[in-house]
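Engineer: Protein chains in written order, with our numbering: chain E, 1 to 111; chain C, 1 to 534.
These aren't lab readings, by the way, just hints derived from the structure by calculation. Ideal Cβ placement from N, Cα and C applies to all residues, glycine included. A portion of the hints provided could be inaccurate.
List time: in silico DSS-like cross-link candidates among lysine-lysine, alpha-carbon distance up to 30 angstroms [said to hold, decoys possible]: (1) C/Lys473 - E/Lys90; (2) C/Lys463 - E/Lys45; (3) C/Lys78 - E/Lys79; (4) C/Lys368 - E/Lys88; (5) C/Lys78 - E/Lys45; (6) C/Lys464 - E/Lys88.
Reference excerpt, derived from the structure (chain C facing chain E, CB under 7 angstroms, subset only) [to be verified]: (7) Glu28; (8) Ser37; (9) Ser40; (10) Ala44; (11) Ser45; (12) Gly169.
So the derived label-pair ranges between C-beta atoms look like this [unchecked claim]: (13) C/Gly283 - E/Ser56: 51 to 59 angstroms; (14) C/Arg278 - E/Ser56: 58 to 66 angstroms; (15) C/Glu82 - E/Ser56: 27 to 35 angstroms; (16) C/Gly319 - E/Lys27: 49 to 57 angstroms; (17) C/Ala318 - E/Lys108: 51 to 59 angstroms; (18) E/Ala65 - C/Pro123: 53 to 61 angstroms; (19) C/Glu82 - E/Lys3: 25 to 33 angstroms; (20) C/Glu82 - E/Leu35: 20 to 28 angstroms; (21) C/Arg278 - E/Lys7: 40 to 48 angstroms; (22) C/Glu96 - E/Lys108: 47 to 55 angstroms.
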Amino acid sequence: MYKNSLKNGAVDAKLVGKILKKVTGQKAYGLSKILIVYKNLIAQKIAKEEILVEASTLPQLDKSAFLKKTGAKRIVFKKNSDLVFGAKIKHGDWVWEETLDSRLEQIKNRS
Amino acid sequence: MNILEDIEKQIDQAKFSAAPKNVGKIIEIGDGVARVSGLSDVSASEIVSFAHGITGLALNLEEDSVGVIIFGDWSKLKEGDECQTTGKTLEIPVGENLIGRVLDALGKPLDGKGAISAKKYYPAEKIAPGVILRQSVNTPLQTGLKAIDSMIPIGRGQRELIIGDRSLGKTAICLDTIINQKGKSVICIYVAIGQKTSKIAQVVDTLERHKAMDHTIVVAASASDSATMQYLAPYAGCAMGEYFMDQGKDALVVYDDLTKHAWAYRQISLLLKRPSGREAYPGDIFYLHSRLLERAARMNDKNGGGSLTALPIIETQAGDVSAYIPTNIISITDGQIFLEADSFYAGIRPAVNPGISVSRVGGAAQTKMMKQVAGTLRLDLAQYRELATFAQFGSDLDETTLKRLERGRRIVEVLKQPQLSPMDIASQVVVLWAVQNGYFDSVPVADVAKYETKILNLLATNKKLRDHLEDKKEIDDFAEKELAKMLSKNSTPSAGDSSGKALDSAQTKSSSKNKSARVKKSSTGGRERTGRTR
């Protein structure tokens, strides 16, 4: 189900819709569990296609180079004034954080 | 202002790194097990950290999620909470400062005696030492119990299983062994798995009263602790013991008991939705215990010469030693001590069945003097048991058979021992020598204990003999002469000595009844010249 939902390595919404319609129509045993696992796999894949950049002020980035390097399809910028300085970049299940909170955390862990 | 400038300077000078973190999100949590999505970079048995300082262990690495068992209070966590990998495996604090403390499975103190500042950490899971690093077991670990040290000797570095139904004295044997290690440079670790908290408290109190906590660490994962902690506790105890082994010292670890450890692992595996096998245990239940027990070893001199002895305990149901978990552990260990309910309730305590108990190390873990007196003990007892069954039918028995029965009864009496009274090796040898050489033959069975006490008192005053035995560790001609002299003297009762009178009167009665049946006393157990009564 998951492999058939991809087109050129990315999740295709139309394909996902078709697969869901077919599977729910069959009313297979354990359908809810199948759908939960399918949802988690699709969500993980979508998370890898998107880079979330969170900062107090929106940075200037060479988007195309960034996307080429990470293999993602798009960058989403989010303004978060709580971060004070620095940025938090999330790509899939990887997070790079260089903010005031992370520095204080590193100082705390060292002590 | 200076303080603020200092802080700013510290922050400016500090080197920071934007190292990537691998994160995940809880999608399901309950009963101490969390299912987490993400964590694509997590390793098996890696520590995962959650909010509120809670940590867990990643056990199930599946295609779409990771199964994590939680240490601590999982009720603070909820669906959607984030977690991250730490890059570390589970490590347990080890060191001399743990001695005398009561800890949980993560090494945190439970006794209220303050925090533990560990200088070193050992991994909870470790590959057992290889063949080349080991040497054969050849040093005895004295339990202080006559029945065990004579017939089922345990060596340092051995794994000896203690198996029996509930309340037959399994823990008592282990406590006696721990108490007997006082002054013998053996560090003891008692791991309580799934026990009642009141029982653990009782054990700690017993050890404290006998000054045994000075060389003991207690690791407690009681019945009220989570299955995760009960699963980890034996590995934590083993890691603590390995530290001492690596220092070239001897350590003893008691796992009380592995049946409950298996139950805890079964619970965790079922919650992690692992496929279940026989009796709902997971497929790797054997490996759970084999990798734990294989870590007990005697290291060769090049690698420190230390040892870790393991005494796992298994509780059977209705004496069924052919059940799944007991047979697993029996096949792993280097011998087993079976405790029988029939013997226990007949007053034979420790209720060891010497017929089916075995130590695969055997005489290699016995001193020469013990081998000299205990050589035929098992056989004598086996013959006695067979004859006792036969004698129940009430047929007339010949003189030899009667003597064997009487000797057997006295051996059984001598092997009884009160709880928490371990005996040193010299005392054991002297008592067993006395019974094997017929010095108990004319003592009424009911007075055997008193006569034994008398012999021990005599030995306590005979420093020359005691020192000779402790020094030479064998019964040579001198020791035999001294023993014969000491025990022959005792055959004359002193004033007010009822046991001596009983012995004297018993000897008089027996000599007048059986003039033709004289027993020649010798060190090999006696060559008897008897005449048939018919």
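Engineer: Is it true that C/Glu82 and E/Ser56 lie within 27 to 35 angstroms of each other by Cβ?
Structural biologist: Distance hint for C/Glu82, E/Ser56 is violated at roughly 21 angstroms.
Engineer: Less than 7 angstroms between beta-carbons is the criterion; does C/Gly169 satisfy it with respect to chain E?
Structural biologist: With a minimum Cβ separation of about 49 angstroms from chain E (threshold 7 angstroms), the hint on C/Gly169 is violated.
Engineer: I want to verify a distance hint. Is the separation of the beta carbons of C/Glu96 and E/Lys108 within 47 to 55 angstroms?
Structural biologist: Distance hint for C/Glu96, E/Lys108 is violated at roughly 30 angstroms.
Engineer: Has the hinted range 49 to 57 angstroms been met by the Cβ atoms of C/Gly319 and E/Lys27?
Structural biologist: holds (52 angstroms)
Engineer: Hinted pair, alpha-carbon criterion (30 angstroms max): C/Lys78, E/Lys45. Please report holds or violated.
Structural biologist: Holds: C/Lys78 and E/Lys45 sit about 23 angstroms apart, inside 30 angstroms.
Engineer: Tell me if the beta carbons of C/Arg278 and E/Ser56 are separated by a distance inside 58 to 66 angstroms.
Structural biologist: holds (59 angstroms)
Engineer: Verify the CB-CB distance for C/Glu82 and E/Lys3 against the hinted window 25 to 33 angstroms.
Structural biologist: holds (28 angstroms)
Engineer: Quickly compare the C-alpha distance for C/Lys464 and E/Lys88 to 30 angstroms and report which way the hint goes.
Structural biologist: It is violated: about 81 angstroms lies between the C-alpha atoms, which goes past 30 angstroms.
Engineer: For the hint on C/Ser45, does the least C-beta distance to chain E fall short of 7 angstroms?
Structural biologist: violated (19 angstroms)
Engineer: Between C/Gly283 and E/Ser56, does the C-beta distance stay in 51 to 59 angstroms?
Structural biologist: holds (52 angstroms)
Engineer: Holds or violated: the hint that C/Ala44 contacts chain E, with Cβ atoms closer than 7 angstroms.
Structural biologist: C/Ala44 check fails; min Cβ-Cβ to chain E is 17 angstroms, beyond 7 angstroms.
Engineer: Within 30 angstroms, alpha carbon to alpha carbon, are C/Lys368 and E/Lys88?
Structural biologist: With Cα atoms ~72 angstroms apart, C/Lys368 and E/Lys88 exceed 30 angstroms; violated.
Going through the hint list in order, the structure does not satisfy hints 1, 2, 4, 6, 7, 10, 11, 12, 15, 18, 22.
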